[in-house]
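**Q** Spelled out, the chains give:
Number of protein chains: 2
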Amino acid sequence: MTDKARLYLYDTTLRDGAQTSGIDFSVEEKIIVAHLLEDLGFSYIEGGYPGANPTDDAFFSERRVTKARFAAFGMTKRPGVSLSNDPGVAALLAAPVDAVTFVAKSWDYHVDVALKTTLEDNLDCIRQSVEAAVKAGREAIVDCEHFFDGYKANPAYALDCARTAFEAGARWVVLCDTNGGSMPHEVTDIVTAVVKLVPGDHLGIHAHDDTGQAVANSLAAIRAGVRQVQGTLNGIGERCGNANLTTILPTLVLKDEFAQRYDTGVTVEQLKTLTQLSRAFDEIINRAPNRHAPYVGLSAFATKAGIHASAILKDPRTYEHVSPDSVGNRRRLLVSDQAGRSNLFAELDRLGITYSKTDRRLTGLLSELKEREARGYSYEAADASFELLALRHLGDVPHFYDVISYRTMVESRVNAIGDRVVVTEAVVKVKVDQEILMSVAEGNGPVNALDQALRKDIGKYQAEIAALELVDYKVRILNGGTGAVTRVLIESLDRATGRRWSTVGVSANIVEASFEALNDSITYKLLKNGNAGA
Amino acid sequence: MTDKARLYLYDTTLRDGAQTSGIDFSVEEKIIVAHLLEDLGFSYIEGGYPGANPTDDAFFSERRVTKARFAAFGMTKRPGVSLSNDPGVAALLAAPVDAVTFVAKSWDYHVDVALKTTLEDNLDCIRQSVEAAVKAGREAIVDCEHFFDGYKANPAYALDCARTAFEAGARWVVLCDTNGGSMPHEVTDIVTAVVKLVPGDHLGIHAHDDTGQAVANSLAAIRAGVRQVQGTLNGIGERCGNANLTTILPTLVLKDEFAQRYDTGVTVEQLKTLTQLSRAFDEIINRAPNRHAPYVGLSAFATKAGIHASAILKDPRTYEHVSPDSVGNRRRLLVSDQAGRSNLFAELDRLGITYSKTDRRLTGLLSELKEREARGYSYEAADASFELLALRHLGDVPHFYDVISYRTMVESRVNAIGDRVVVTEAVVKVKVDQEILMSVAEGNGPVNALDQALRKDIGKYQAEIAALELVDYKVRILNGGTGAVTRVLIESLDRATGRRWSTVGVSANIVEASFEALNDSITYKLLKNGNAGA
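Protein chains in written order, with full-length UniProt numbering: chain A, 1 to 534; chain B, 1 to 534.
Hints may contain errors.
Heads up, the list lumps identical chains together, so a pair's fine if it works in one copy or across two of them.
In silico lysine to aspartate or glutamate, EDC-like type, Cα no more than 16 Å apart, as pairs [said to hold, decoys possible]:
1. LYS357 with GLU516
2. LYS255 with GLU186
3. LYS528 with ASP3
4. LYS474 with GLU283
5. LYS429 with GLU411
6. LYS460 with ASP315
7. LYS152 with ASP256
8. LYS460 with ASP433
9. LYS370 with ASP24
10. LYS431 with ASP402
11. LYS196 with GLU516
The set of hints was computed from the structure by calculation and includes no laboratory data.
Based on the sequences and whatever the hints tell you, model everything.
**A** As structure tokens, this is what we get:
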């Protein structure tokens, strides 16, 4: 352990990540995210800009993290004012933080056009700002904005900025690819040049994903000698996002060439919480998780091809570059039309359904699966419907209620005072224990009305579905045109337990398909509650 | 131009991309996507596996592309059978294609465990397969599966596989990072070793994104000498996806170090269609476009920070690594709607709508467009609805008919003899020239019934819509959950002329959204027929 070099993960989700269009953190959300980040084991957590807005002022009113180093971000001293008269620097130095991160110009063009000062004065602003932070007992960090573009335009000046920051006492000088247009080999070359002037264990990298290479650029910089890497959870950030720490972290911990050389401060146990943390963060920012995200995506370890699936069952290393368990994710062998028995067994195992491999009922299940998939069913994203289907063949699914009939209607007309009104209504008649129950409800669409009516009264089971909620509804038209078939996927949530499950329905009629998925959802919930049925 | 080396873009969206969970291309969709790809200027289009399933058989029943090279994919000859007795190879050689791409094992472990044959026999399978393709007049391509992992385990054998394919006459030997776990510097090192045995202008790279570095790995391989790069549109593919050609292409065309050395066959004019093509493809696979995608994402050139925005207005290069116009995207600044106006002008020009740039009605049109887009409308894939909206502001759209009311109903019940019956019915009441017309129709779903009833009788216009047909219907739920809004896209076809057009509707109620799109479709048809209206 002691012969490894320390590598510092610096999270800027709450600062640069907050530049993402559509993302606006509240103080409470910032506090929750900061705790997620420190629990994961990141080294630095940058919380925002003190003095810039009420949210950040409230967030920096207290020391928000204890396990990680807490950092505040702001600009270096402005040209033309003295340090003591710069309100931005004053707000930064007043924040109860461990580290102060100054963004500094390092591209001569920007010093001239945006900052409107001399190159020498900009160096002086950097020097004074760093010295002030150190004097105030803070760790000083300098983010050299546009460092790579600046280096390409004027290498001597970009290097002057980095060296000035380091010589003034900055703990870290961070090389930023602000526009995100740099290539990994350029990062390698430029970092190699900088390391000759500023030691690597005082250098950091801050990359953006505008050419889809923020991760590669960050790793190239580490290989060239930097010891701090900045990024965000799930790669959020302005334009195409910042370097994705959710992707970089597992590579650093799991891939030998990095794992043998560096200690990130994140343990293998902490790494196992990564998938859950990534999804929890998406919930906070109200974004659907990226199914295809490296390491943590729902599909990151999913295999559709039958030939791959049978090889994975023999030896996972054949088609997996790391173990899904290592990041808290799981293997998924998709039950698709290319699948065979091996996929089926793996899925049954994953769902904890006991069976014997010689059970003849498995043949019936497999053939029904294939027949249904040919009709348009897809169980890849409908675990609950898959489990019900399997149990109907292999075990026993109680018969909780019968739907005698239903009707749903949408009517649009002009009322007596000339306004157009739309009425959407559904009626459902169910039988539970010989008792006939009829319910009617309105909704904002035919399926919503049907959902409301169906869940209004199922007799003795009603209390058990009180906390059930339809949280996502997806429609896909297969084939297209007049011969089209509609596939509906429904995600349900039990508000009482937080448990989620997905069901599927297929029909030429969207209402029928939806009703099938709704019924599967309710049946699944009642089954999981351990009911014996009517 | 002539001093540049030719670099070949090989698209596998329709083959490896079809391994994506949740994606199932129909034959019609494959045909549409193949045309998009050849229009973009890609060199090779791989369409699927002939002989593997009915969809691919139908797709390979004809030569589907003429501007690009058309490729079919399959396995090398199986061990233990003679070439003439291998149905997979026979199906490949029978396909009307330019190129046959064989996937071959190149990791000794897989030859042993998955293929269950000797290392020498695997080389023989490669040799015989390539020779058969060449003899059949096809270009032979060999995808060396697991090449990088194989090279790490047994470099001599991996190299043997590549050399055998090349010496047997393969036009291309493609090095595949099948599990997606390789790092760019490993790709650089290994490609450098292979280039010593197989010339770079016969080598390709096929990368996967499991560490978020498929783009970087592809570019590293090109820098190390390969001349073919495989990938998919929008990076679709199994697990975390394939190398994203939508990201790689602009880097190759726009970044000097690649642009000065290589000719991709894609012109700067074709590159300007990339953003539109990327979004059209997402519509086809019914997936919400990634707002943060490099180059083509809605936010790829969006700036939130005020300081950045004002700098961009002074000089876009300060915060943009390439021009958004170069990929057909646009800059988004919160401070200005300049981008909106220029985009609107471009759209009006494209549709051949005449206008004056000083016409004040353009302001009203732009603000209605923005307001509708905020509500969920999307005109990128609904030209006909866009044209109607524009003409309602700038010109004149006749009022052909009024819908007085409509009603649609789905009823499911058990009939007198105990069978479950579903009845779906709609009634529409329209007014044409003071005449009230009422129609009723059944359908296989509420929207289909409504469509049938609406088109049953619109009086004097009826003959003109006789050949109109609804050929595609797509539904997307925006937001999700209870606050969801439904967007419906309808594609219509006039069987008499072959002309197709697309319309959009948005509402909390799927029936209302569909009805809006249906009405736009009929109105558009009547307008294009030159009717003056009621």
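**Q** When the hints from earlier in the document are held up against this structure, which numbers fail?
**A** 1, 3, 6, 11
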